[in-house]
Amino acid sequence: MSSFVSTELFGGAIVVDLPAGFGDASSIRQVPDNQEVYLDANGLTSIIFDILERVDESTAATDQDALKYHFHDIASGTNDTTRFWHFGSATLTKLPNTPAYVLFATQEPSRDAPQRGPQPDFTGILLTLVRLAKEKTDIVIAVNVPHVPGEYRPEDVDLPAQKLSPHLEAATAARQKILETFEIKDWSLFVNEE
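Position 71 of the sequence shown, counted from 1, bears residue number 71 in the working numbering, the numbering being contiguous throughout.
It is worth saying that the hints were derived from the structure and are not from the lab.
Predicted model only: the values in this text are computed from it and were never measured.
Heads up, a few of these hints could be off.
[To be verified] Cross-link-like lysine-lysine pairs, in silico, DSS-like; alpha carbons within 27 Å at most: (1) 177 / 163; (2) 68 / 163; (3) 163 / 134; (4) 94 / 136; (5) 68 / 136; (6) 163 / 136; (7) 94 / 185; (8) 177 / 136; (9) 94 / 177; (10) 163 / 185.
[Said to hold, decoys possible] Restraint-style ranges between C-beta atoms, simulated for each label pair: (11) 5 / 186: 38 to 48 Å; (12) 111 / 186: 39 to 49 Å; (13) 160 / 188: 26 to 36 Å; (14) 88 / 52: 28 to 38 Å; (15) 149 / 57: 11 to 21 Å; (16) 117 / 21: 13 to 23 Å; (17) 26 / 58: 29 to 39 Å; (18) 5 / 58: 36 to 46 Å; (19) 111 / 87: 24 to 34 Å; (20) 180 / 84: 35 to 45 Å; (21) 34 / 160: 17 to 27 Å.
Quick reminder that beta carbons are idealized off the backbone N, C-alpha and C, glycines included.
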């Protein structure tokens, strides 16, 4: 994932650099209006941008709680085993005064989960939360990296020792590029009904 392409999201209201080999999923399936989904043409990684109603303080007392809330909203109901490896704040280079937060988690599927194809050993999830208080909006960016047997070498991964697979290293580079290039061009995208 070393080359990136400037990509317009939500009709050009948001611009961000994404890995060159990723394509817009809306060309092959229906995607909700509040979401943009990009799929790796040569692998299983996906990058999803969600525009959501801002989680307020009564639901999540801190920004880190809001990040966890969005993670659980995405991952709930799977019976997967979740492990959190990292939480932190982040800087959006083109929106330096906008609060942003990141987490890295993994999910291992339940052994009794219904299977619709190859079952991953685990999925790495790099989540970014962009908090737009004035617009009452949270933007959630998820980079999902399934690790399916035969698609990676288990000996390349040792998460407790902070050894990432090549897939996770590429996903981390993609998230970093998103943080560096994410820019809102048209703020009217966010309808703020009082």
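Cross-check of the supplied hints:
no., hint, in the structure
1, 177 / 163, "holds (20 Å)"
2, 68 / 163, "holds (24 Å)"
3, 163 / 134, "violated (39 Å)"
4, 94 / 136, "holds (20 Å)"
5, 68 / 136, "holds (18 Å)"
6, 163 / 136, "violated (37 Å)"
7, 94 / 185, "holds (11 Å)"
8, 177 / 136, "holds (25 Å)"
9, 94 / 177, "holds (11 Å)"
10, 163 / 185, "violated (37 Å)"
11, 5 / 186: 38 to 48 Å, "violated (20 Å)"
12, 111 / 186: 39 to 49 Å, "holds (46 Å)"
13, 160 / 188: 26 to 36 Å, "violated (46 Å)"
14, 88 / 52: 28 to 38 Å, "violated (21 Å)"
15, 149 / 57: 11 to 21 Å, "violated (43 Å)"
16, 117 / 21: 13 to 23 Å, "holds (21 Å)"
17, 26 / 58: 29 to 39 Å, "holds (34 Å)"
18, 5 / 58: 36 to 46 Å, "holds (40 Å)"
19, 111 / 87: 24 to 34 Å, "holds (28 Å)"
20, 180 / 84: 35 to 45 Å, "violated (24 Å)"
21, 34 / 160: 17 to 27 Å, "violated (36 Å)"
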